[in-house]
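Asker: The task is simple: from the sequences and hints, build the whole structure.
One letter stands for each residue in the lines below.
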Amino acid sequence: MLLLRRFEERAGVLYGERKIRGFCHLYIGQEAVAAGIATATRKTDPLITAYRDHALAIAKGMSPESCMAELYGKATGCSKGKGGSMHFFSKEHYFFGGHGIVGAQIPLGAGIAFAEQYKGTDNVCVTMFGDGAARQGALHETFNLATLWKLPVIFICENNQYAMGTSVERSAAENDIYKLGLAYNMPSFIVDGMHCETVHQAIYEAAERARRGEGPTFLEIKTYRYVGHSMSDPAKYRTKEEVAHYKTLDPINTTEKKLLEYGFATETDIEAIKERVKQRVKDSVDFAENSPYPDDSELFTDVYLQPDYPFITD
Amino acid sequence: MPLADKLRGNPKITVAFTGEGGTSEGDFHEALNVASVWDLPIIFVIENNGYGLSTPTREQYRCQSLVERAAGYGIEGIQIDGNNILEVYDTISRLATELRQSPRPVLIEAMTFRMRGHEEASGTAYVPKALMEEWAIKDPVLNYENYLLNEGILTADRIDQIRKRCKQTIDAGLKIAQAAPELILDPQQEIDDVFCPKMSLPMVPQTAQMSNKRYIEAISDALRQAMDLYPELVLMGQDIAEYGGAFKITDGFVARYGKERVRNTPICESVIAGIGLGMSIKGMKTMIEMQFADFVTCAFNQIVNNLDKSHYRWAQNADVVVRMPTGGTVGAGPFHSQSNEAWFFHTPGLKVVYPATPYDAKGLLLAALADPNPVIFFEHKALYRSLADDIPDEPYTIEIGKARTVSTGSDLSIITYGLGVHWATRALAAAPHISADVIDLRTLSPLDTNAIYESVRKTGKALVLHEDSLTGGIGGEIAALIAQHCFERLDAPVVRCGALDTPIPFAIPLEKQYMPEARFAAALQELWEY
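Line by line, the protein sequences give chains A and B.
Residue numbering for the first sequence is 1444 to 1757, as defined by the working numbering.
Residue numbering for the second sequence is 150 to 679, as defined by the working numbering.
In case anyone wonders, no lab produced these hints; they're calculated from the structure.
Please read these numbers as outputs of a predicted model, since none were measured by experiment.
There may be inaccurate statements among the hints.
Cross-link-like lysine-lysine pairs, in silico, DSS-like; alpha carbons within 27 angstroms at most [to be verified]:
no.	chain 1	residue 1	chain 2	residue 2
1	A	K1683	B	K431
2	A	K1462	B	K408
3	B	K397	A	K1683
4	B	K458	A	K1679
5	A	K1679	B	K607
Partner residues are not named here, just some residues of chain A that face chain B (Cβ under 8 angstroms, in silico) [claimed, not checked]:
no.	residue
6	I1544
7	F1557
8	A1558
9	E1584
10	N1587
Glycine included, each C-beta is placed from N, C-alpha and C at the ideal position.
Answerer: As structure tokens, this is what we get:
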């Protein structure tokens, strides 16, 4: 969680310095969700999410170096510098993006789950989206098919309370998003997203349900982003008190306290972790800084499966 | 439609029908959600007749009944026997009274059955015989007839009379249809039916007062003045209210015009585009902001199947402007940089406008908002804050469908629009030996073909430039038109210059090479030398 936080903080600073271009949606405040998912699922369980994807990619095992390089648009980035902040991807880490159009990844998640079901693996596809995306028609179509076909998928709505500047109260009359799932006879729950243990437990149970062939689960994980929607959003639509309240629930502080309280770690251990994380983030920035931009010839690669597709010429 | 009634304070309700098959579409979800969050007075009626063409309900959804969906939106859902006219009448009339008092949506699932095929060619072989027999007993006409007989309201004689009258009415209608002459296609009439011809007078500024405004401010200005000009203009878009829109174009609008007219929408482009047509049916005007032009894909069905065809089909104009922040060169990656004007250019029934300057942006947006037809209005993100000009303070319109000559020359014609206008101007400044016409199309549909032909006939050479990828781009159509209509005056092959046929890469150096500007100077020189 600390690595995710520090990585994002650094990305925010670099965006301010215009080292990172385009858009930059930070995950700060929502780390317990990524942590809970990472520990409660297997390495081979695919994960797909929207554009707020940096932390989830790292949680799924992708290196901070390849992620930072992608933010820089460098050739060594996880998408060869062609995707940027919103479009991380790594098949070998079972991380399937990184998607820029709100809600468009939801059907893809069901597709991946269908492939797993068809091939007879017991992998479960974690399909994530925000509270804003829950209003897209694609969600409805996917929920309907996923329940009809009992697909092994965990739908996760990271409800950070604001779709950009529009609060949940303003985008739907029914504020409990999990209730949408009940309309499809899908087990649906609210989960406290500020504690990694509760997230872990909920994900673990949902994954087991899917592995048993009982179909999808819908989890509305209540979380909070401290910062604006993206780096260009000052988030004036929220009160200082509201942000301050959530900061007292900070998942990292809570976990740190608990580790000390139960004797799982000492102050020295935690200091060591902090130092290690700091170094790792620094390494990732150095790596990105020192990497080359993609070569112009890269423009013509990867559009089709064939390496030399004849139609693409300049 | 219910939004229009609600805004006008009309105590009316709307009834919207769908089959159970239609409920699996995303639009169903979006419509129920928006209707519930906006408390719209609407009754959604699902006529659940058991089969979506040949697909039984057990292969359509897993929940027991479709009214369960209502819970997800916090609205009331009622299942009724759709074959019992009295139950239908009682339920709907009770709800109609309630909804007029306190506007809100309700979901009705009317259980019924179709005794024929999905349509007359498809038959009913997929329906088990027992099911047919079961529902035959529940026939609504037969049962109601028996009920009325039992209650002593109807007599056998009266039934006979009614049956005869029905038959006569149908026969009379059939006679009229059979006697009607065969339709003979009149191409001009067909084309005239595509757009609503009711155009308003052009607006000319009454004073010479000008202010220096950026492209983005010109757009805000036009919207603000349109809000004053048309009291029934409603703006809809994601985060456009208090937040002021992703690009801050509607900043401050809520304070001035209120939340009813400046509406934040959930993230559901499709139903919002549909609501635009619904509002238009009620005689209101709407502007829909796509947060990025790329996201219009989510509203594609509504735009290319409903907004565009309603006038041709039933003389109902779609008084809707869809604003599209478009284009690249801003390092925004593959889903926030695209140029997709060619999709709409190809679709009859839509007007496509694409200003390149602050002056044109204001004048064309006001013209688009004045136009009763659907207009897809492209505005380039890279121009928002990089371009300023003195433009009239007062409202004015620029005629849709008229190109602008940016500069004149004799060697060749550059036909372009949007960012291309600025690329062309820049390239010519760096190549003073080339004397060229630069034509800024400004409107892509309808296309100002005369301006193109006039210039090309004069110079004898044509270079078509656009930011969109080359294949299937608008340049292909323009090149074909030139080849057909200016062939005898051409001194060189028509040249097109567009972006590569690849998605748009994120890394700035790659995006630079992706864009046609990277190849434009060379293409210009080559054509000049030809």
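Asker: Could you run down the list of hints and mark each one as holding or not?
Answerer: Quick rundown of the hints versus the structure:
no.	hint	verdict
1	A:K1683 x B:K431	violated, 43 angstroms
2	A:K1462 x B:K408	violated, 38 angstroms
3	B:K397 x A:K1683	holds, 22 angstroms
4	B:K458 x A:K1679	violated, 42 angstroms
5	A:K1679 x B:K607	violated, 56 angstroms
6	I1544	holds, 5 angstroms
7	F1557	violated, 15 angstroms
8	A1558	violated, 20 angstroms
9	E1584	holds, 5 angstroms
10	N1587	holds, 5 angstroms
Violated hints, in rising order: 1, 2, 4, 5, 7 and 8; the structure is consistent with all others.
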